[in-house]
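K.L.:
Each chain is listed here by its residues.
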Amino acid sequence: MADILLEELLIGSIASNLDGLRHVAVGASSPIPGAAALLARSRSNDSMRVSILGSEDNNFFTDGGKEIFDIAGEGRMDAFFLSGAQIDGQANINLVSVGDYRRPKARFSGSFGSGYLYYVVPRVILFRLEHTRRTLVDKVDFVSAPGFSDENVYRPGGPYKLITDRCLFEVDKTRRCFRLQSVHPGHTVNEIYEQTGFTFDMPDGDVPNTPVPDATTLATIRGPVAEEISEIYPAFAARVFGVGRAA
Amino acid sequence: MADILLEELLIGSIASNLDGLRHVAVGASSPIPGAAALLARSRSNDSMRVSILGSEDNNFFTDGGKEIFDIAGEGRMDAFFLSGAQIDGQANINLVSVGDYRRPKARFSGSFGSGYLYYVVPRVILFRLEHTRRTLVDKVDFVSAPGFSDENVYRPGGPYKLITDRCLFEVDKTRRCFRLQSVHPGHTVNEIYEQTGFTFDMPDGDVPNTPVPDATTLATIRGPVAEEISEIYPAFAARVFGVGRAA
Amino acid sequence: MLATRLSVDELATHIPDGAKVALPPDYSYCSLATTRALIKRRAKELHLIGVPAMGFQADMLIGAGCVATVETAAVTLSEYGLAPRFTAAVRQASIRMMDATCPAIHAALQASEKGIPFIPLRGLIGSDILRERADWKVGENPFAEDDPIVYLPALRPDVTLMHAPLADKFGNIWIGVRRELMLMAHASAETIATVEDIVEGNLMDDEKTKAGTIPGLYVTAIAEAKRGAWPIGIPGGYEADHSHLLRYVKMAQTEEGFHQYLEEFVFETAAVAAE
Amino acid sequence: MLATRLSVDELATHIPDGAKVALPPDYSYCSLATTRALIKRRAKELHLIGVPAMGFQADMLIGAGCVATVETAAVTLSEYGLAPRFTAAVRQASIRMMDATCPAIHAALQASEKGIPFIPLRGLIGSDILRERADWKVGENPFAEDDPIVYLPALRPDVTLMHAPLADKFGNIWIGVRRELMLMAHASAETIATVEDIVEGNLMDDEKTKAGTIPGLYVTAIAEAKRGAWPIGIPGGYEADHSHLLRYVKMAQTEEGFHQYLEEFVFETAAVAAE
Numbered sequence: 034m035a036d037i038l039l040e041e042l043l044i045g046s047i048a049s050n051l052d053g054l055r056h057v058a059v060g061a062s063s064p065i066p067g068a069a070a071l072l073a074r075s076r077s078n079d080s081m082r083v084s085i086l087g088s089e090d091n092n093f094f095t096d097g098g099k100e101i102f103d104i105a106g107e108g109r110m111d112a113f114f115l116s117g118a119q120i121d122g123q124a125n126i127n128l129v130s131v132g133d134y135r136r137p138k139a140r141f142s143g144s145f146g147s148g149y150l151y152y153v154v155p156r157v158i159l160f161r162l163e164h165t166r167r168t169l170v171d172k173v174d175f176v177s178a179p180g181f182s183d184e185n186v187y188r189p190g191g192p193y194k195l196i197t198d199r200c201l202f203e204v205d206k207t208r209r210c211f212r213l214q215s216v217h218p219g220h221t222v223n224e225i226y227e228q229t230g231f232t233f234d235m236p237d238g239d240v241p242n243t244p245v246p247d248a249t250t251l252a253t254i255r256g257p258v259a260e261e262i263s264e265i266y267p268a269f270a271a272r273v274f275g276v277g278r279a280a
Numbered sequence: 034m035a036d037i038l039l040e041e042l043l044i045g046s047i048a049s050n051l052d053g054l055r056h057v058a059v060g061a062s063s064p065i066p067g068a069a070a071l072l073a074r075s076r077s078n079d080s081m082r083v084s085i086l087g088s089e090d091n092n093f094f095t096d097g098g099k100e101i102f103d104i105a106g107e108g109r110m111d112a113f114f115l116s117g118a119q120i121d122g123q124a125n126i127n128l129v130s131v132g133d134y135r136r137p138k139a140r141f142s143g144s145f146g147s148g149y150l151y152y153v154v155p156r157v158i159l160f161r162l163e164h165t166r167r168t169l170v171d172k173v174d175f176v177s178a179p180g181f182s183d184e185n186v187y188r189p190g191g192p193y194k195l196i197t198d199r200c201l202f203e204v205d206k207t208r209r210c211f212r213l214q215s216v217h218p219g220h221t222v223n224e225i226y227e228q229t230g231f232t233f234d235m236p237d238g239d240v241p242n243t244p245v246p247d248a249t250t251l252a253t254i255r256g257p258v259a260e261e262i263s264e265i266y267p268a269f270a271a272r273v274f275g276v277g278r279a280a
Numbered sequence: 012m013l014a015t016r017l018s019v020d021e022l023a024t025h026i027p028d029g030a031k032v033a034l035p036p037d038y039s040y041c042s043l044a045t046t047r048a049l050i051k052r053r054a055k056e057l058h059l060i061g062v063p064a065m066g067f068q069a070d071m072l073i074g075a076g077c078v079a080t081v082e083t084a085a086v087t088l089s090e091y092g093l094a095p096r097f098t099a100a101v102r103q104a105s106i107r108m109m110d111a112t113c114p115a116i117h118a119a120l121q122a123s124e125k126g127i128p129f130i131p132l133r134g135l136i137g138s139d140i141l142r143e144r145a146d147w148k149v150g151e152n153p154f155a156e157d158d159p160i161v162y163l164p165a166l167r168p169d170v171t172l173m174h175a176p177l178a179d180k181f182g183n184i185w186i187g188v189r190r191e192l193m194l195m196a197h198a199s200a201e202t203i204a205t206v207e208d209i210v211e212g213n214l215m216d217d218e219k220t221k222a223g224t225i226p227g228l229y230v231t232a233i234a235e236a237k238r239g240a241w242p243i244g245i246p247g248g249y250e251a252d253h254s255h256l257l258r259y260v261k262m263a264q265t266e267e268g269f270h271q272y273l274e275e276f277v278f279e280t281a282a283v284a285a286e
Numbered sequence: 012m013l014a015t016r017l018s019v020d021e022l023a024t025h026i027p028d029g030a031k032v033a034l035p036p037d038y039s040y041c042s043l044a045t046t047r048a049l050i051k052r053r054a055k056e057l058h059l060i061g062v063p064a065m066g067f068q069a070d071m072l073i074g075a076g077c078v079a080t081v082e083t084a085a086v087t088l089s090e091y092g093l094a095p096r097f098t099a100a101v102r103q104a105s106i107r108m109m110d111a112t113c114p115a116i117h118a119a120l121q122a123s124e125k126g127i128p129f130i131p132l133r134g135l136i137g138s139d140i141l142r143e144r145a146d147w148k149v150g151e152n153p154f155a156e157d158d159p160i161v162y163l164p165a166l167r168p169d170v171t172l173m174h175a176p177l178a179d180k181f182g183n184i185w186i187g188v189r190r191e192l193m194l195m196a197h198a199s200a201e202t203i204a205t206v207e208d209i210v211e212g213n214l215m216d217d218e219k220t221k222a223g224t225i226p227g228l229y230v231t232a233i234a235e236a237k238r239g240a241w242p243i244g245i246p247g248g249y250e251a252d253h254s255h256l257l258r259y260v261k262m263a264q265t266e267e268g269f270h271q272y273l274e275e276f277v278f279e280t281a282a283v284a285a286e
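Chains as they are written, first to last, in the working numbering: chain A, 34 to 280; chain B, 34 to 280; chain C, 12 to 286; chain D, 12 to 286.
The set of hints was computed from the structure by calculation and includes no laboratory data.
Ideal Cβ positions, reconstructed from N, Cα and C, are used throughout, including at glycine.
It is possible that part of the hints are untrue.
To be verified - A short, non-exhaustive set of chain B residues, derived as facing chain D with CB atoms under 10 Å:
| # | residue |
| --- | --- |
| 1 | 81 |
| 2 | 82 |
| 3 | 153 |
Chain A on its own, in the form it takes in the complex (with noise of 0.2 Å):
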C-alpha cells in the first residue's frame, strides 16, 4: 500500500462497517470516522443519513442538543464512534482521568455522551489512533462506560468493531473480549501482542491483512469524500488529501 495513506485505509475499512445502514452520526473531533460515514453514503444510494457534530452541511437537528440523544435512544441511530484515552479488554472506556479520580495523574475532558450512547447505539465503532499498551489497557481506571453489561440492564447497543492504526478488533458478545479481526499492512500479529495491554482472542486460522480500498473506493474517498470532510474538518482534509483551505 506504497500509496494509500493510513487514513485512506482507515476510512475505507470503517465504511465496510456501516454500509447498509440508515443513520450514522459522528461525534466532534473526528475526522476520519466522519469521512467513512462520508464514504459509507456515497455508495448508499440515496438510503442512507449521515449526522455530523460541528458540520452545517450534514447536521439537521432542530430541537437543541438532546435532540441526538433522544434519536439514538429511540433507536434511530444505528452506529456511533467512541474512543478513549483508556480502553480495556473488556472493552470499556476512559474518557475522565489516569490514577486516583479524586487527585488525577492525568485529566482529560469527560465522558462526553459515552455513558449513554454506547449502551443504546447498537454499532458503536471504537476508534483510537494511538495503538500502544498506555491507551489499549488491561483495566481502564475510570469507566465512562462498560464494554458489557448485566443480562437485566437495558442495553441494545453496545461495542462493535476497535480499529487502531495497527489492527483492526471485532467484538465477541458472548465472550465479552475482542478478537484480532486483521493486521493493517506493515503491521504484525507479533506487533500487536507487544503492544496491546489486554489480552484478546485470536481468530481460527491465519489473521488477515485489513483489506486495502480498492480504485473506485479510493476515488471516491480522494474526490467527493475529501471535498465533504473539508467543510468540517479544512486541516485534515488538506494535510490528508490536499483539498479545501486550511485552517
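Chain A is fixed; fit chains B, C and D onto it per the hints.
P.N.:
Leaving out everything else, chains B, C and D in the frame of chain A:
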C-alpha cells in the same frame, strides 16, 4: 347597576382578584376571564403578563402545546380559570360526564388541562355562568380534578374563588368548602340558597353586594379592554360592547 | 435523502387498521384530506390519540366507524359546541375512552421521544381520570419522603398524521411554532403529512426556517394536498369554512344525517370539487 | 412588558457568589463579556453546569478562582486541546467534580423545565460516572420486571448565562436552532443574556423568527455587548479569534501565565479596546 352589564360586573370582580400577579393565563372559550385579565394588566403598570389561548397578540409561547403546562408546573403561572359541567361543595370539578362514566347520560368535551393545572396554579378561579342546582351539585359524577388533596400530595395550587352569574364564593382552605363572599346586585342570599346544590359557609355579618366597577374601571373595560378582547372573541365584543367586527 | 411522495390515498395506507394515530387539535395543522381517505377505505379499529385534544377530524372518524379507542384530554368543536358523533359513541359505549389531561399526553409523548420507559407527572392524584387509567401508576418520588406521584408509561403512536403549510423534497416539514407537531413526530414510529406546497430548495438551509422545521429523518412519506385541512383552516393559511362546518354539525346530530354528510362530501367524488 | 436593560457589569451581579450557573459550550452562544465581568468582581464559589459541555469560559472562571463545583459532561477547548486551568484544578482537587454524560444533563434540565422532581434515563448503569454521583439513584422501572434504570433529580440552575445575536426591547431573545438555550432558560430560575443587538419591533411578530425565540417571560435582564462572545465566536456571526485563543492556551499552561493573561485582557481596561 342599571347601566352596568353582568359581564362588566364579572370582569371587574375577577380583575380585582388578579391585581399584583405576574402572569395570568386564560384558557379557550373564556371571554370574560380574558377581559378580566386584560383589565388587570392595564392597571399593572406593565408588570403583569397575560397569555390567552387562541390569541395571536397575547400568546408568547414558542415550545409547543406543552409549554403552558411546563410554565405552570415550574410556578411561573399565578392564576388560571377553570369551569365545570358540575362543581361541587368540595370544589371538585367535572368536565367529563354525567351518570355512569362508562355509559353516561351526558358526555362533555373532556378534562383538558384541569387534572394538572388545578393542582399547581396557586390561584385558580372557578367560573360558571349557569348558577343552578344542575351545575352546582352536592357531589360531582366524575372528578376531573379534586378541590382539595391529602396532606402528602404535592398541591401548591387550587381553588381561590368561584364566581357565577349570581354571586361570588371564596374558598376556605382549612374547612375545605366555599363561603359566600358577595351577592351580585339584583340577587339575594335566599336565591343563592335555592339555586345551589351544595352547602356553603356564610360570612360573619351581612353578605355584601359584589362591588360594581367604578367609572374609571368601566371606561377601561369599555375602551381598551373591549378593543383587545375583540381580537380573540369578536362575537362577544360585538354583542357586549358593540366594538370590533362581528364573527 | 429524498422523501417518499405519495398520493393522499396512498398516504392513508400508512395508517393500517388498528394503528395508534396521533392527531393535533383543530387549531393546529390537521389533515382532513387524509381523514376522508381513511373513511373512504373504511379504516377500522383505529386508536386515536389527541395531542392533547381533537375536533372535527376525530368526530368524523368516530362517526364513520373507523375508531375503537379514543385517548385524549378532550374532543371539542370549540364554538361549534360538543362533537356530536363522539358524544353519541361515548353514550352508546361503542368506543373505549381513555380520558387524560393535556400535560399527561405531552409528557408521555416526551418519554417516547427520549426513549425512556416512563415519566412522572404532578397532579392527577385523587381524580377520576387517574382512577380510570389502569395503565398509569402512582409511585413514590425516590428523592423525597412520602411524596406520591403519577408515573406515566411512554406513549408511542404508530403514526402521526398532520397537514403542514410547507415541505421540501427531502421530507423536511415546516411547522413554525406548532412544536407539538415536532414532539408528535419525534415520539411516533412514523410520521406522514399532507402539505399545501412542496417547495424548491432545502428548508434547512435558512436558519430561520430551520428553527421551525421537522427533519425528514422522522418523516415516512408526504403528499401534496392543496387546502388539505378543509373544511377547517390552518393558522397563517386559510380560515375555516364556517358555513360548511355549521352544516356538518347540523347533519351530524343524527347518525342518518352524518351518513348523508359522508355520502355528499366524502364518498362522492364531488367532494374533490367542493374543495 | 419591557425588559430590564443593564450594563454588562450590572448583569453580572445577577450571578451572586455561590450561584448555580448554566453555561453553553463554545460552539453555541457564550457570553465571554460577562465572564470577564465576573472575574473582575472576583466572583466566588460558583457552581458551573455545562450544557452539556463547556470550554474557554469555564477554563477562565476556574483559573480565576471563581468556581467551587463543575457539573458537566466535559470541559474541552476542542482543537486547542485540553483546558489547562480546568485540568490543573482537577489534579489539585481544588474544585469539586460532578462528572455527567450529555443526555443526563439535558434530561435533568427537562425535569426542571417540566416541574417534575426527577426523570429516568437509560445508560449509566455500571459506569463510574454513576458510582461517583451520590445525587443519582438506581431504581426500578415500575412498568416492567427486573429492569433497573437511573433516576436523575431535576437540575434547576439559579441562572442561565448566554450571549445571543438578537433580542428585542421586550426581552425576547432569538437563538434560532440553538434550542439547548431554550431548555436552559426554561429550566433555570433566571436567565440573563448579553446580545449583539437589541432590535426594533417584537421578535414574536414574525412567525419565522418567533419559532427560534426565547420568550421574555423567562428573561430577567439583558445587556447589549457588541462582540460579547469574543475571543470565541458565535455561529452565524463572527469567527473565533484564533490567534488570541492560541495565545490564551499558551499563557494558561501555567498559573503565572494565566494571571498575566487576566491582567492584560480582563483587569486592564485595555481589554475593552481589544474587543
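K.L.:
Each of the hints needs a verdict: does it hold here or not?
P.N.:
To see whether the hints hold, each was checked on the structure:
1. 81: holds, 8 Å
2. 82: Check passed: Cβ of residue 82 of chain B comes within 6 Å of chain D, closer than 10 Å.
3. 153: holds, 7 Å
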